[in-house]
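Protein chains: 2
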Amino acid sequence: MLPKRTLMGPGPSDVSREVLEAMSQPTIGHLDPAFVGFMDELNELLRLAFQTKNPITLPISAPGSAGMECCFVNLLEPGDEVVIAVNGVFGGRMVEVARRCGATPIAVEFDWGTPVEPDKMEDALKAHPDAVAMAFVHSETSTGARSDAEILCALAKKYDCLSIVDAVTSLGGIELRVDDWGIDAIYSGSQKCLSAPPGLSPVSFGEQAMAKLKQRSTPPQSWFLDMNLLTGYWGGGAKRAYHHTAPVNALYALHAALEILKREGVENAWKRHADNHQLLRAELESIGLDFIVAEEYRLPQLNSVSIPDGIDDAEVRSHLLNEFNLEIGAGLGPLAGKIWRIGLMGASSTPEHVALCVSALKSAGVSR
Amino acid sequence: MLPKRTLMGPGPSDVSREVLEAMSQPTIGHLDPAFVGFMDELNELLRLAFQTKNPITLPISAPGSAGMECCFVNLLEPGDEVVIAVNGVFGGRMVEVARRCGATPIAVEFDWGTPVEPDKMEDALKAHPDAVAMAFVHSETSTGARSDAEILCALAKKYDCLSIVDAVTSLGGIELRVDDWGIDAIYSGSQKCLSAPPGLSPVSFGEQAMAKLKQRSTPPQSWFLDMNLLTGYWGGGAKRAYHHTAPVNALYALHAALEILKREGVENAWKRHADNHQLLRAELESIGLDFIVAEEYRLPQLNSVSIPDGIDDAEVRSHLLNEFNLEIGAGLGPLAGKIWRIGLMGASSTPEHVALCVSALKSAGVSR
Numbered sequence: 451m452l453p454k455r456t457l458m459g460p461g462p463s464d465v466s467r468e469v470l471e472a473m474s475q476p477t478i479g480h481l482d483p484a485f486v487g488f489m490d491e492l493n494e495l496l497r498l499a500f501q502t503k504n505p506i507t508l509p510i511s512a513p514g515s516a517g518m519e520c521c522f523v524n525l526l527e528p529g530d531e532v533v534i535a536v537n538g539v540f541g542g543r544m545v546e547v548a549r550r551c552g553a554t555p556i557a558v559e560f561d562w563g564t565p566v567e568p569d570k571m572e573d574a575l576k577a578h579p580d581a582v583a584m585a586f587v588h589s590e591t592s593t594g595a596r597s598d599a600e601i602l603c604a605l606a607k608k609y610d611c612l613s614i615v616d617a618v619t620s621l622g623g624i625e626l627r628v629d630d631w632g633i634d635a636i637y638s639g640s641q642k643c644l645s646a647p648p649g650l651s652p653v654s655f656g657e658q659a660m661a662k663l664k665q666r667s668t669p670p671q672s673w674f675l676d677m678n679l680l681t682g683y684w685g686g687g688a689k690r691a692y693h694h695t696a697p698v699n700a701l702y703a704l705h706a707a708l709e710i711l712k713r714e715g716v717e718n719a720w721k722r723h724a725d726n727h728q729l730l731r732a733e734l735e736s737i738g739l740d741f742i743v744a745e746e747y748r749l750p751q752l753n754s755v756s757i758p759d760g761i762d763d764a765e766v767r768s769h770l771l772n773e774f775n776l777e778i779g780a781g782l783g784p785l786a787g788k789i790w791r792i793g794l795m796g797a798s799s800t801p802e803h804v805a806l807c808v809s810a811l812k813s814a815g816v817s818r
Numbered sequence: 451m452l453p454k455r456t457l458m459g460p461g462p463s464d465v466s467r468e469v470l471e472a473m474s475q476p477t478i479g480h481l482d483p484a485f486v487g488f489m490d491e492l493n494e495l496l497r498l499a500f501q502t503k504n505p506i507t508l509p510i511s512a513p514g515s516a517g518m519e520c521c522f523v524n525l526l527e528p529g530d531e532v533v534i535a536v537n538g539v540f541g542g543r544m545v546e547v548a549r550r551c552g553a554t555p556i557a558v559e560f561d562w563g564t565p566v567e568p569d570k571m572e573d574a575l576k577a578h579p580d581a582v583a584m585a586f587v588h589s590e591t592s593t594g595a596r597s598d599a600e601i602l603c604a605l606a607k608k609y610d611c612l613s614i615v616d617a618v619t620s621l622g623g624i625e626l627r628v629d630d631w632g633i634d635a636i637y638s639g640s641q642k643c644l645s646a647p648p649g650l651s652p653v654s655f656g657e658q659a660m661a662k663l664k665q666r667s668t669p670p671q672s673w674f675l676d677m678n679l680l681t682g683y684w685g686g687g688a689k690r691a692y693h694h695t696a697p698v699n700a701l702y703a704l705h706a707a708l709e710i711l712k713r714e715g716v717e718n719a720w721k722r723h724a725d726n727h728q729l730l731r732a733e734l735e736s737i738g739l740d741f742i743v744a745e746e747y748r749l750p751q752l753n754s755v756s757i758p759d760g761i762d763d764a765e766v767r768s769h770l771l772n773e774f775n776l777e778i779g780a781g782l783g784p785l786a787g788k789i790w791r792i793g794l795m796g797a798s799s800t801p802e803h804v805a806l807c808v809s810a811l812k813s814a815g816v817s818r
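Line by line, the protein sequences are chains A and B. Residues in the first sequence are numbered from 451 upward in steps of one, following the working numbering. Residues in the second sequence are numbered from 451 upward in steps of one, following the working numbering.
Calculated from the structure, these hints are not laboratory results. It cannot be assumed that every hint is accurate.
Treat identical chains as interchangeable: a pair holds within one or across any two.
Stated by the list, open to error - Using 20 Å as the maximum straight-line C-alpha spacing, the simulated SDA-like pairs for lysine to any residue come out as follows:
#	residue 1	residue 2
1	K689	E765
2	K454	F485
3	K454	E471
4	K454	V486
5	K721	L679
6	K608	S466
7	K712	M451
8	K454	S667
9	K454	E468
10	K503	A604
11	K503	T800
12	K689	V539
Given the sequences, and given the hints that come with them, work out the whole structure.
Okay, structure coming up:
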């Protein structure tokens, strides 16, 4: 039996009993007529979360990394240029994924902890007039920095590029409006601000993205992630064409998590994340922890703070885990050992979580 | 609320309450130290199911189709020739996946419902001396035919080819010995004879497969399915390198399902599947249903029978679903409307399932 933890890292976040119970309902056949209606409902709930009317809005049957790969393999052909913002781990992963598609990534680098600067992206778009797409991470989970997706997507449109947006940590946690912002392709994850278990990646493709897909001269290199085939499976209603076997129980959980979001209201959920961030922020500052991201660009759902001099990263995290069953996140890559990432995502974004975390940090000797 | 069904199609099969309860345990962080031991246990249980000592034995975080893609993208490089047996839907899918890897598939066709003939495969291997791999489906889920994996893998070795084996419907249901038979790479699914929910694909790579992977001149086209990266994540023990976020709760379920297999004993499970097949077979023959596969090659876990003249496929399946909450499988592709596929997989392989199915068919008017 594994210990029961409170999850305040970069994801997964706490999964409610309601969602776990939904997941443990009896498995039904993925081609059962009764399951068709369920799939339609799930797509509609995802449209609400993404704030979109895109018909092609569905969960990929694999984690967020596969959602990323889905966007790139469908929208890029070998030789295509794609301008990619890199301000943390996940922008870097995009570059790698694009390269493996045979595309030519043009990486635009930013300091970790800072947002993607539109001006620098515009320079890159000007310098690469043949680029077919521009990609960036809305909420950089490795640093806690938020970029301005609305401005960046408008920029992509101005230069006739498709926008590909990583919203893994955004969805359900901060303002995100796929239609209003003109996002062409977006992917997320089930285990962050939606608080479903990890394993699914909601994606949405707009009209322009689907047009590019239809115009391809070669099929996408991945059969499993081929959006034409996925669309026939998810979007075909009663005439659905078999593609793969959907992860039925994981979909039950995602459906329940999205129902919770719908009950709360998407904008109320955004506000809750913002409010609890302010609570946490005041408490962390009171014990002398500084955020690594400038105030304006901080993600409320992922709080990255510098580890004070003289404090041992691993020791504190072990103390939290062993004494409080509390998980917070370590730094990744160049930030390993230098920061903690404290998540207030989905069901983990409550005043009780803030209180527990601050008490536990104090108990571990973190104080001014 | 979705209806509760008895699942006797081509998968998913019935998932026991024990497995569903395991799945609904609280989600833990995928990098939690306590989770490392759990992952190691899971890999060891998979080795038992596969009858292998391969260190690289792990569940891909996506359904069987992704497991297939994982084998092909890792083991084939652009231009590589691969001889692929096609005796049903899934052999055909292999050809498509290989093509999308930039490899050159050499499809060897067999009548649907028949097994892969070693002689014809040997002819193809002789005719294509540069082929680097040979692939086939052990248990063709679209027809119910079993091929002789031991002989086919020996043949691959004779011609210096890696063997890639689809064991989606085999694992836990019929004899399968990865080490004794010299299988180089194999993939399966969680939702067939293991009776876990759909969504995971156990894979195992042998020494030769790993050697080919190390010798690649280009990285695999899929980042998500890159076995080098997956190995660092799954095989690294305490030094595990973050790759993607594992689908924690789905892994709980797979672990519980494998524990059940271990308790029963792998060979006992094979025998149970064989015994219940004989029960079903006698009953089906008594109501005039004929198997489409010759006796010697029948899969005990997937019974394909011809729909008698004058019987309406859809009507019968609706009757079973509406009156008995019982799912059986329809035919795929050229067999649509012509056959039923009756699964006796995992927890669905019991005398009670046999009795229910036969009663329901009789009630639907299927009788001699």
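A quick look at each hint next to the structure:
| no. | hint | in the structure |
| --- | --- | --- |
| 1 | K689 with E765 | between (56 Å within a copy, 17 Å between copies) |
| 2 | K454 with F485 | between (32 Å within a copy, 11 Å between copies) |
| 3 | K454 with E471 | both (16 Å within a copy, 15 Å between copies) |
| 4 | K454 with V486 | between (35 Å within a copy, 15 Å between copies) |
| 5 | K721 with L679 | neither (37 Å within a copy, 38 Å between copies) |
| 6 | K608 with S466 | neither (43 Å within a copy, 55 Å between copies) |
| 7 | K712 with M451 | between (33 Å within a copy, 18 Å between copies) |
| 8 | K454 with S667 | neither (50 Å within a copy, 44 Å between copies) |
| 9 | K454 with E468 | both (16 Å within a copy, 19 Å between copies) |
| 10 | K503 with A604 | within (19 Å within a copy, 54 Å between copies) |
| 11 | K503 with T800 | neither (30 Å within a copy, 46 Å between copies) |
| 12 | K689 with V539 | between (41 Å within a copy, 19 Å between copies) |
Comparing the model with each numbered hint stated earlier shows that hints 5, 6, 8, 11 do not hold.
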